[in-house]
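Student: Sequence:
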Amino acid sequence: LWKAAGAHRMQVWPSPWGPGFPGWHIECSAMSMSILGDRFDIHTGGADNVFPHHEAEIAQSEAVSGHRVVSLWMHGGLLMLSGARMAKSAGNFFRVTELEEQGFDPLAFRYLVLQAKYRSPLNFSTEGLAGADRALRQLRERVADWSLQTETGAGSARQEWDSRFRSALADDLDLPTAMALVAELVRSQAPPSMKARLLSAWDQVLGLDIHRTPDDHALPPGAAELMAEREKARAAKDFARSDQLREKLKALGVQVSDRALRK
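In my numbering, each number is its position in the sequence shown, counted from 1, plus 119.
Hints are computed from structural coordinates only; laboratory data are not their basis. Note that the structure is a prediction, hence the values are computed from the model and not measured. One or more hints might be untrue.
Said to hold, decoys possible - With a cut-off of at most 30 Å between alpha-carbon atoms, the simulated DSSO-like pairs for lysine-lysine come out as follows:
| no. | residue 1 | residue 2 |
| --- | --- | --- |
| 1 | K356 | K207 |
| 2 | K356 | K367 |
| 3 | K369 | K351 |
| 4 | K122 | K207 |
| 5 | K367 | K351 |
| 6 | K356 | K369 |
| 7 | K367 | K236 |
| 8 | K369 | K236 |
What the hints assert, rightly or not - For each label pair, taking beta carbons as the anchor points, the in silico distance ranges come out as:
| no. | residue 1 | residue 2 | range |
| --- | --- | --- | --- |
| 9 | P171 | G250 | 33 to 39 Å |
| 10 | W143 | Q363 | 42 to 48 Å |
| 11 | R353 | P295 | 39 to 45 Å |
| 12 | D357 | R229 | 46 to 52 Å |
| 13 | Q268 | T216 | 32 to 38 Å |
| 14 | E348 | L197 | 34 to 40 Å |
| 15 | S208 | Q268 | 47 to 53 Å |
| 16 | E174 | Q257 | 43 to 49 Å |
Note that beta-carbon positions come from the ideal geometry of N, C-alpha and C, so glycine has one too.
Could you put together the complete structure from these sequences and hints?
Tutor: Here it is as structure tokens:
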């Protein structure tokens, strides 16, 4: 609750127990109750905050209020990189802007994390992100095509699909099941216009911007430089390097063909 101040502590307050400052547990209780009041619905945090931080918050807040303060605690799994927790303090982290500079759609990261349970850890890799990026691009292309189709009926079928999606969300925010349903709908024989309508409605939850118009002619950022480097490697007959660069381009969603064009 209260920590004694050291000689070099900048923020110090007097107290009956001597000069000091509040601990970080009581800081969070004070901030949340000051802004949200002594009853609020959802308190989030990382899985590493369960003990001792959130247990300390509960003890403090309920002791001072005399009742339950938080209705629901939601703890997110940690983002891992090479088996270690991704953290700014450790220096093993990526910024979304850095991923974008490498040619990835920023929302590809959202697509990636939507496939994992929010309470489970997620091991991040550029390979996994590249797969999510390709899947998102393909989804947008299909939605663009399906949106041009004539509207059909099948109201009961649409309601059944939507009910399954909502049931997944209601089951402890089961987004992996919801994303699996997206893939199932894409592969299904449902009318194209119905697919487009359902995916548009679901995207209000998923936030993948699926109606962004695909640009078939624009290369993703970084692709032009990789293509130029690959041409130099081929000219130098460094085919191992050429193959490596082909895979990098493939990860950006760019397919390269070395076949000569027929005249």
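Student: Indicate, hint by hint, whether the structure satisfies it.
Tutor: Outcome of the hint check:
With a C-alpha separation of about 41 Å, the suggested pairing of K356 with K207 is violated against the 30 Å cut-off. Restraint check for K356 and K367: the C-alpha separation of about 18 Å stays at or below 30 Å, so the hint holds. Between the alpha carbons of K369 and K351 the distance comes to roughly 18 Å, so the proposed pair stays at or under 30 Å and holds. Restraint check for K122 and K207: satisfied, since their Cα atoms lie roughly 26 Å apart, inside the 30 Å limit.
For the proposed pair K367 and K351, the alpha carbon gap of about 15 Å is at most 30 Å, so the pair holds. For a cut-off of 30 Å, the pair hint linking K356 to K369 stands: about 20 Å separates their Cα positions. The straight-line distance between the Cα atoms of K367 and K236 is roughly 29 Å, inside the 30 Å bound, and the hint therefore holds. For a cut-off of 30 Å, the pair hint linking K369 to K236 stands: about 28 Å separates their Cα positions.
Checked against the hint of 33 to 39 Å, the C-beta distance between P171 and G250 comes to roughly 38 Å, which is consistent with it. With their beta carbons about 47 Å apart, W143 and Q363 fall inside the hinted range of 42 to 48 Å. Hint check: R353 to P295, Cβ distance near 41 Å, so the stated range 39 to 45 Å holds. Distance hint check: the CB atoms of D357 and R229 are about 37 Å apart, inconsistent with the given range 46 to 52 Å.
A C-beta distance of roughly 37 Å is found between Q268 and T216, which places it inside the suggested range of 32 to 38 Å. Between E348 and L197 the Cβ separation comes to about 36 Å, which falls inside the hinted range of 34 to 40 Å. Distance hint for S208 and Q268: a CB-CB separation of about 51 Å, consistent with the stated range 47 to 53 Å. Here the CB-CB span from E174 to Q257 is close to 45 Å, well matched to the stated 43 to 49 Å.
Hint compliance for this structure: hints 1, 12 are broken, all remaining hints hold.
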